[in-house]
Amino acid sequence: MRILFWGCLVALLALSLARPASRDSDALSVLMEPDGTGVWRELIAKYNRDHPGLSVRMVEGPPATNLREDLYAASFLSGTAGYDIVYCDVNWVPKFAAAGWLLDLTGRISDEDLRDYLPASLQAGSYRGRLYRVPAFTDAGVLYYRKDLVSTPPETFAELVSLSMQYRTPERWGFLWQGKQYEGLVTVYLEVLWGHGGEWIDAAQQRVLLDRPEAVRALEFLKSTVGTISPPGVTNYVEEDTRILFQSGHAVFLRNWPYVWTLMRRSRAEIIDRIGIAPMVHAEGQWSAATLGGWGFAVSKFCADPEAAWRFIDFMTRPEQLQAVQRRQGRIPARRNLVPPEMKSILDSARMRPPIPAYAQASDILQRWLSSAITGSVTPDLALREAARETRLLLGN
Amino acid sequence: MKPDYYWETDSGLKGGTLVFLIPAALLVVLVVGYPILRTAGLSLFRYGLATGFSPEWAGFDNFVRAAFDSRFRNSLRITAFFTLVSVALEFGLGLFLAFAADSLHRGRGLVRAMLLVPWTLPTAIIGVLWTWIFNDQYGILNAALRGAHLTEAGIPWLARPGPAMAALITADVWKTFPFVFVILLAGLQSIPRELYESMEMDGGGAWPKFRHVTWPHLVPFVYVAVVFRGIQAFAAFDLMYVMTGGGPGGATETVSVYAYQTYMRYLDFGYGCALVVVMVLVLAALATGLHLILLRGHERAR
Numbered sequence: 001m002r003i004l005f006w007g008c009l010v011a012l013l014a015l016s017l018a019r020p021a022s023r024d025s026d027a028l029s030v031l032m033e034p035d036g037t038g039v040w041r042e043l044i045a046k047y048n049r050d051h052p053g054l055s056v057r058m059v060e061g062p063p064a065t066n067l068r069e070d071l072y073a074a075s076f077l078s079g080t081a082g083y084d085i086v087y088c089d090v091n092w093v094p095k096f097a098a099a100g101w102l103l104d105l106t107g108r109i110s111d112e113d114l115r116d117y118l119p120a121s122l123q124a125g126s127y128r129g130r131l132y133r134v135p136a137f138t139d140a141g142v143l144y145y146r147k148d149l150v151s152t153p154p155e156t157f158a159e160l161v162s163l164s165m166q167y168r169t170p171e172r173w174g175f176l177w178q179g180k181q182y183e184g185l186v187t188v189y190l191e192v193l194w195g196h197g198g199e200w201i202d203a204a205q206q207r208v209l210l211d212r213p214e215a216v217r218a219l220e221f222l223k224s225t226v227g228t229i230s231p232p233g234v235t236n237y238v239e240e241d242t243r244i245l246f247q248s249g250h251a252v253f254l255r256n257w258p259y260v261w262t263l264m265r266r267s268r269a270e271i272i273d274r275i276g277i278a279p280m281v282h283a284e285g286q287w288s289a290a291t292l293g294g295w296g297f298a299v300s301k302f303c304a305d306p307e308a309a310w311r312f313i314d315f316m317t318r319p320e321q322l323q324a325v326q327r328r329q330g331r332i333p334a335r336r337n338l339v340p341p342e343m344k345s346i347l348d349s350a351r352m353r354p355p356i357p358a359y360a361q362a363s364d365i366l367q368r369w370l371s372s373a374i375t376g377s378v379t380p381d382l383a384l385r386e387a388a389r390e391t392r393l394l395l396g397n
Numbered sequence: 001m002k003p004d005y006y007w008e009t010d011s012g013l014k015g016g017t018l019v020f021l022i023p024a025a026l027l028v029v030l031v032v033g034y035p036i037l038r039t040a041g042l043s044l045f046r047y048g049l050a051t052g053f054s055p056e057w058a059g060f061d062n063f064v065r066a067a068f069d070s071r072f073r074n075s076l077r078i079t080a081f082f083t084l085v086s087v088a089l090e091f092g093l094g095l096f097l098a099f100a101a102d103s104l105h106r107g108r109g110l111v112r113a114m115l116l117v118p119w120t121l122p123t124a125i126i127g128v129l130w131t132w133i134f135n136d137q138y139g140i141l142n143a144a145l146r147g148a149h150l151t152e153a154g155i156p157w158l159a160r161p162g163p164a165m166a167a168l169i170t171a172d173v174w175k176t177f178p179f180v181f182v183i184l185l186a187g188l189q190s191i192p193r194e195l196y197e198s199m200e201m202d203g204g205g206a207w208p209k210f211r212h213v214t215w216p217h218l219v220p221f222v223y224v225a226v227v228f229r230g231i232q233a234f235a236a237f238d239l240m241y242v243m244t245g246g247g248p249g250g251a252t253e254t255v256s257v258y259a260y261q262t263y264m265r266y267l268d269f270g271y272g273c274a275l276v277v278v279m280v281l282v283l284a285a286l287a288t289g290l291h292l293i294l295l296r297g298h299e300r301a302r
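Residue numbers (this note's numbering), protein chains in the order written: chain F, 1 to 397; chain C, 1 to 302.
Just so you know, these hints were derived from the structure itself, not from any lab.
Treat the hints with caution; some may be incorrect.
With a straight-line cut-off of 20 Å between C-alpha atoms, the simulated SDA-like cross-links for lysine to any residue are [to be verified]: (1) F:K46 / F:R318; (2) F:K301 / F:P34; (3) F:K301 / C:R265; (4) F:K301 / C:S54; (5) F:K301 / C:F99; (6) F:K301 / C:G52; (7) C:K209 / C:F99; (8) F:K301 / C:M264.
None of the values given here were measured: they were computed from a predicted structure.
Please build the complete structure, drawing on both the sequences and the hints.
The following block contains the structure:
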């Protein structure tokens with residue numbers, strides 16, 4: 001017994017002193033989304049084959065975007081090169097750039113590429129006039145509609161409501177959107193808000209405009225759909241819940257991202273023939289606006305070999321690689337020439353969320369009050385007044 | 001009837017022994033004192049992303065902000081609820097099982113060892129385990145409910161505010177009732193059997209025995225168990241982080257989760273530290289309150 005105990009102790013000690021299994025120490029690392037389709041692994045393998053001595057190692061992170069954001073932040077805070085290359089969401093750019101964690105990539109992209117990238121995506125990768133993130137994919141809110149029922153898509157909120165009422169049946173709802181308390185709710189609300197001529201935060205002047213009448217009307221619209229033209233459960237839906245309902249024929253309209261289009265085109269032909277895409281609706285006398293999303297690549301300040309990191313980013317953002325991901329994942333490349341023609345006008349109307357370093361916090365405040373209002377625990381007016389007050393406190397005005 | 005607790009024996013510190021305490025005291029100052037002082041110090045500064053990672057003197061601004069922060073108030077309420085319910089359940093279950101084990105004539109060691117298994121596992125791993133159990137599609141709990149025809153669609157446990165809190169409390173009780181159990185069992189076993197025998201000779205029933213012998217002896221152990229568990233539950237972070245991330249809709253966002261978000265996600269170090277300081281003050285007040293209620297009353301009774 002005693003021998004066993006000491007044996008175990010010595011073994012543990014030896015294990016703890018042993019050097020960690022040697023990794024490819026020269027390899028640069030990048031934290032990616034879970035690689036469900038395997039396309040990232042293939043592309044990185046291809047890069048490593050073509051670039052001997054410059055290998056890149058992929059770490060698959062959790063699916064939740066905010067968790068990957070936290071992993072990146074933790075690695076930057078520790079001040080060592082946890083990850084050399086950042087697969088970066090649009091919303092992270094202001095925060096990471098303001099913290100000084102990303103290398104300035106201004107001037108790295110060739111003029112030819114600069115002309116090919118969508119301006120909105122380039123702008124979303126910039127902070128205070130410097131470029132920190134090379135765009136790879138773009139996203140913007142889209143209104144899907146049943147072409148077989150509705151011949152011309154609605155342009156205004158009023159038309160959306162009346163068409164929804166007209167074509168809804170006991171099995172078919174009018175309008176699906178994402179109402180769970182998360183970033184998706186903010187993107188939907190922003191489209192409705194912009195469509196009413198309102199604004200969340202005027203980033204240039206650091207002004208919070210949430211308690212304006214347009215903002216209240218926008219939230220009142222969203223709330224009015226719950227239980228009338230939208231299912232009561234919409235306040236807990238995320239993208240996939242709504243896509244599945246819509247794709248199985250249970251709704252006339254759906255607000256979602258372009259990936260749905262790619263997925264539907266891959267499915268049976270009779271579905272795609274019945275579905276059309278349109279820009280999000282707007283109020284009378286206003287304009288449609290889509291919330292801009294998207295992914296790109298950035299380089300960590302702590303990266304030991306920025307030149308090698310740039311070589312990798314340049315490779316990954318070539319049209320061939322972006323198209324490979326587009327085919328497999330349905331993402332829309334941020335290059336003008338690769339955008340499907342029917343998406344062009346919608347992507348042109350895409351607007352950025354406020355490029356402020358404290359974005360995550362401002363979004364959390366808005367999410368909480370939006371959710372409280374659409375689930376009926378407070379009135380839209382009160383919710384937005386409170387959200388505006390807290391946001392002003394956050395921004396220090 | 002004055003039980004001798006070992007901590008009540010007055011050994012007194014002789015001059016020479018103090019010298020030997022210095023290394024240990026230094027270690028405590030370094031490991032415990034420094035982080036506490038630094039946290040308290042940082043809470044008086046605006047420091048983080050907004051100030052370009054350079055501290056700016058803020059006085060008590062961070063605390064004023066906390067006082068008007070509805071999200072913080074909400075997280076305090078959630079934390080208090082979680083602490084109250086889970087500690088009460090753990091205490092009830094621990095006490096019940098301690099009585100049961102105390103009356104065993106043999107195999108007590110085995111029972112104790114077996115019940116301690118959940119306590120020895122890392123909380124994060126337990127969180128993953130319970131997340132699987134509570135999964136709405138393939139979780140074993142919903143499979144059982146469906147099998148018993150109690151529900152058809154299954155309950156999305158971690159996606160609704162109420163059920164998510166219930167799931168967290170279940171996981172926490174499962175992991176930590178053994179701690180309460182072991183401490184209370186030790187308390188029960190420290191009671192001299194003669195006291196029960198003399199009560200029996202005086203014709204005392206079960207209730208008078210509990211009231212006049214068991215409970216007075218058990219109180220210091222109850223105090224230790226409840227204070228330790230209360231502090232741990234009030235600071236609960238890992239279960240929420242793994243199982244719900246504070247959601248849905250902030251319904252399981254404890255103070256620790258909010259402080260973590262503030263510090264790590266919002267990079268607002270000064271305010272994050274202020275939230276932690278408030279939490280420590282609340283905990284100190286709770287521990288003092290419990291001490292006054294349980295131990296003072298206990299001493300007066302003697």
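Hints, one by one, checked against the model:
1. F:K46 / F:R318: holds (13 Å)
2. F:K301 / F:P34: The hint is violated at about 24 Å.
3. F:K301 / C:R265: holds (19 Å)
4. F:K301 / C:S54: This hinted pair holds, its Cα atoms lying about 18 Å apart.
5. F:K301 / C:F99: violated (60 Å)
6. F:K301 / C:G52: Roughly 16 Å between the alpha carbons, so the hint for K301 of chain F and G52 of chain C holds.
7. C:K209 / C:F99: holds (13 Å)
8. F:K301 / C:M264: holds (18 Å)
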